[in-house]
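Visitor: So the sequences go chain by chain: A and B.
Each step along the first sequence adds one to the number in this note's numbering, with nothing skipped, and position 77 is 77.
Each step along the second sequence adds one to the number in this note's numbering, with nothing skipped, and position 10 is 10.
It should be emphasised that the hints constitute simulated quantities derived from the structure, not laboratory data.
Using N, Cα and C, we set each Cβ at its ideal position, and we do this for glycine too.
Possibly wrong hints are sitting among the right ones.
[Claimed, not checked] Partial chain A-side listing against chain B, Cβ under 7 Å, derived:
| no. | residue |
| --- | --- |
| 1 | G18 |
| 2 | N20 |
| 3 | A24 |
| 4 | Y25 |
| 5 | F32 |
| 6 | R33 |
| 7 | A35 |
| 8 | L36 |
| 9 | L51 |
| 10 | L137 |
| 11 | I140 |
Spelled out, the chains give:
There are 2 protein chains.
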Amino acid sequence: MTKIPEHHPSPDLEGLIGYNLKRAYVTVSDDFRRALKHDNLSPRLFSALALVKAHPGLSQSALARQLGIERSGIVAMIDELEGRGYVIRKPVPQDRRRQALQLTPAGEEAYKIALGKVQAHEARLLGGLDAGQREALISILQKIRYQKT
Amino acid sequence: MTKIPEHHPSPDLEGLIGYNLKRAYVTVSDDFRRALKHDNLSPRLFSALALVKAHPGLSQSALARQLGIERSGIVAMIDELEGRGYVIRKPVPQDRRRQALQLTPAGEEAYKIALGKVQAHEARLLGGLDAGQREALISILQKIRYQKT
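Turn these sequences into a full structure, and let the hints steer you where they fit.
Guide: Structure representation (structure tokens):
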């Protein structure tokens with residue numbers, strides 16, 4: 001399948017890392033959405049499941065910070081995952097304002113299936129990168145993510 | 001300035017290129033917005049100016065395709081740039097449904113100033129990458145962007 005019948009690059013934009021990051025992310029996330037269409041999981045919902053799985057008892061606000069989204073957005077997202085029976089909110093006795101998030105067995109199972117599909121989507125979409133390019137890319141992206149600004 | 005007081009990574013997510021792309025883009029675009037706050041130009045508006053500058057006479061639909069956004073979104077965006085006096089829509093005599101976009105002198109000037117700030121923002125934010133890493137990153141991201149899916 002081909003795409004972009006007409007191509008209009010800007011030399012200024014092509015030299016910017018931000019523009020290339022955005023456009024590469026759009027390519028990857030479009031394919032991610034196609035791969036997980038039947039699971040009805042967006043990249044964001046998938047990431048939320050992954051983070052709760054890795055950190056059972058995580059608070060909503062810690063999850064929001066990790067995902068880089070607003071507190072209002074996280075509440076709607078957890079409502080959605082709770083409504084599907086994937087996540088539960090457990091009260092924290094020591095702190096009444098806080099709720100600890102946990103995956104249910106159905107959430108664990110849905111995450112496991114989705115992770116397999118996501119890994120297959122990346123292997124297929126990014127098959128043109130060799131192992132060295134893949135590693136270099138992840139290492140440079142992590143350097144950007146974790147620097148102090 | 002430090003950020004992310006609490007850090008909760010997921011080993012599954014850290015190994016995915018899509019997640020690293022998204023998080024790196026969020027870091028870069030947050031800094032971009034700070035750098036261009038006084039110009040009131042989002043990454044998307046800036047990219048639109050860059051593309052119209054590189055391709056005077058570009059149609060709205062070609063610009064929408066290049067930016068990967070919906071036609072409804074592009075109309076609002078061009079209204080905004082036209083309202084600020086940066087862009088004009090010129091009718092195309094051969095095709096009444098089409099309008100050719102062009103920067104005004106004020107748009108050229110605003111773009112030139114913004115481009116200088118964006119290049120300074122990237123040099124500052126990404127100063128930890130050496131020239132080889134920068135080139136490798138752009139080349140791998142373009143490989144992802146331009147592959148057939």
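Visitor: Against each hint, give a clear statement of whether it holds in the structure.
Guide: Against the structure, the hints:
1. G18: 4 Å, holds
2. N20: Interface hint status for A/N20: holds (4 Å vs cutoff 7 Å).
3. A24: 4 Å, holds
4. Y25: 4 Å, holds
5. F32: 6 Å, holds
6. R33: Result: violated, 11 Å to nearest chain B Cβ.
7. A35: Cβ of A/A35 sits 10 Å from chain B, so the hint is violated.
8. L36: 11 Å, violated
9. L51: 5 Å, holds
10. L137: Holds. Min distance 5 Å.
11. I140: Hint holds; A/I140 Cβ to chain B Cβ min 5 Å, cut 7 Å.
When the structure is compared with the earlier hints, violations turn up for hints 6, 7, 8 and for no others.
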